[in-house]
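*Asks:* Here is how the chains run, residue by residue.
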Amino acid sequence: MAEKKDKRISESRAWAYVLLGGLLEIVWASGFKYEAIPSIVVLVSLIVSFDLIIKATKVLPVGTAYAVFAGMGTLGTTVVEIVLSGGVSVLRIVLILTLLAFIIGLKLSSKGGES
Amino acid sequence: MSWMLLIAAGLLEVVGVIGIKLVARNNNWFNNIILIAGFISSFQLLVRAMETIPLATAYAVWTGIGTVGAAVVGMIFFKESKSWIRIGCILGIIFSVVGLKIVS
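Protein chains in written order, with numbering that gives the first Met the number 0: chain A, 0 to 114; chain B, 0 to 103.
Extracted from the complex, chain B is given alone in its bound form (with noise of 0.2 Å):
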């Protein structure tokens, strides 16, 4: 259930940064509360997976699907680089979560 929690915390983290670039854009309420909604969201469920899982593990883990999902939006929506190497640091980050998900 932490496990859940986390991801999901690492994802609603995406909403926010999108948020941010959606407010550089056009700074109305409507994105600016989809950055805040994201964030403040976010940081509760990193807060309650923390119950049971570990700062280091949980910090990275939310980091790394953060910066995940960051690219993929990236990639799909503003155009940025979809080169093999950030393709395999996508796969390699998604190895380690679940390693780090295997060994807790």
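Excised from the complex, chain A in its bound form (with noise of 0.2 Å):
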């Protein structure tokens, strides 16, 4: 297989495409729901977020990216709908951070045997 390889980033650049395809994965979730997203910007907003985690995931931790990665698109999405949809109940926002708590637990316990 003589595949070309990426050329390494750096480790500091990784962290800066996790954020910005966290945020890209907020938008488009969002969009998946609320029709104000024009479908266009909701389509490149979902290539580009995987394009970048899956840069960001060659240089860096597989598991700590993906638990940021995680945490960002459940609290963003809690907050776009808190914005858009005029409030979450307490006991639902509870029940997402419990859940948000362990499926980061999960993620960042994934080295373990891997390889």
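Because the hints were derived from the structure by calculation, they are not lab data.
Model, not experiment: these values are computed from the prediction.
Warning: the hint list may mix true and false statements.
As the list claims (entries may be wrong) - From the structure, some residues in chain A lie toward chain B, with a derived Cβ separation under 10 Å: (1) E24; (2) V43; (3) I92.
Claimed, not checked - Capping the alpha-carbon separation at 30 Å, the derived lysine-lysine pairs in DSS-like fashion look like this: (4) K54(A) to K20(B); (5) K100(B) to K81(B); (6) K57(A) to K100(B); (7) K78(B) to K57(A); (8) K54(A) to K78(B); (9) K78(B) to K20(B); (10) K54(A) to K81(B); (11) K57(A) to K81(B); (12) K81(B) to K20(B).
What the hints assert, rightly or not - Okay, the calculated beta carbon distance ranges per label pair: (13) V71(B) to Y33(A): 28 to 36 Å; (14) I84(B) to L96(A): 12 to 20 Å; (15) I81(A) to R24(B): 40 to 48 Å; (16) Y33(A) to S40(B): 18 to 26 Å.
Cβ atoms here follow ideal geometry from the backbone N, Cα and C, with glycine treated the same way.
Work from the hints to combine the two standalone chains into their complex.
*Replies:* Spelled out as structure tokens, the structure:
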């Protein structure tokens, strides 16, 4: 396999990719629900966010990068819903945060036996 | 019904993630089809589920099921850690999803 490898990006650049990818994740996920966000914006942010996270995880520990990514998406969509549909019940926020805590726990404990 | 679609969307996301791993290993057309078909069908079902399920709940459950599925696949096929912390987190995610279903 004579595939050419991507040039290795720096760690701080990879973290910038995770943050930008996380923001774009909020955009496309919100676009799935709210028609105010144009389809082209949803499609482009979806593709770019995937591309960024895949590039970032070539440099960063996968579990940590995905934990940050999932955290941004979850908190971001909660904020978007509060703003656009006028509130989320406290019980639902608590359950979403509990779910997020377990997701982060599971992602961060993933290195164990990889490879 | 929407919840069935949402759970199916989460599981299909896992198919897409497996596709990513397979393509990284062997970049042939078959593995690329698994990757693309997994994600496209997952996104379509997520959009359908979101017609009735609120954004934050749908997104969190979709990501949660995707995470659990990827972890289980990793434990079975890719020799990832099976520590009790990970099992506890998986149970915690399932518990939270059930809770979100109940309050919805």
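*Asks:* Are the hints correct? Go through all of them and say.
*Replies:* Verification of the supplied hints:
no., hint, verdict
1, E24, "9 Å, holds"
2, V43, "14 Å, violated"
3, I92, "8 Å, holds"
4, K54(A) to K20(B), "14 Å, holds"
5, K100(B) to K81(B), "27 Å, holds"
6, K57(A) to K100(B), "36 Å, violated"
7, K78(B) to K57(A), "20 Å, holds"
8, K54(A) to K78(B), "23 Å, holds"
9, K78(B) to K20(B), "13 Å, holds"
10, K54(A) to K81(B), "27 Å, holds"
11, K57(A) to K81(B), "24 Å, holds"
12, K81(B) to K20(B), "19 Å, holds"
13, V71(B) to Y33(A): 28 to 36 Å, "32 Å, holds"
14, I84(B) to L96(A): 12 to 20 Å, "19 Å, holds"
15, I81(A) to R24(B): 40 to 48 Å, "42 Å, holds"
16, Y33(A) to S40(B): 18 to 26 Å, "22 Å, holds"
In this structure, the hints that do not hold are numbers 2 and 6, in rising order.
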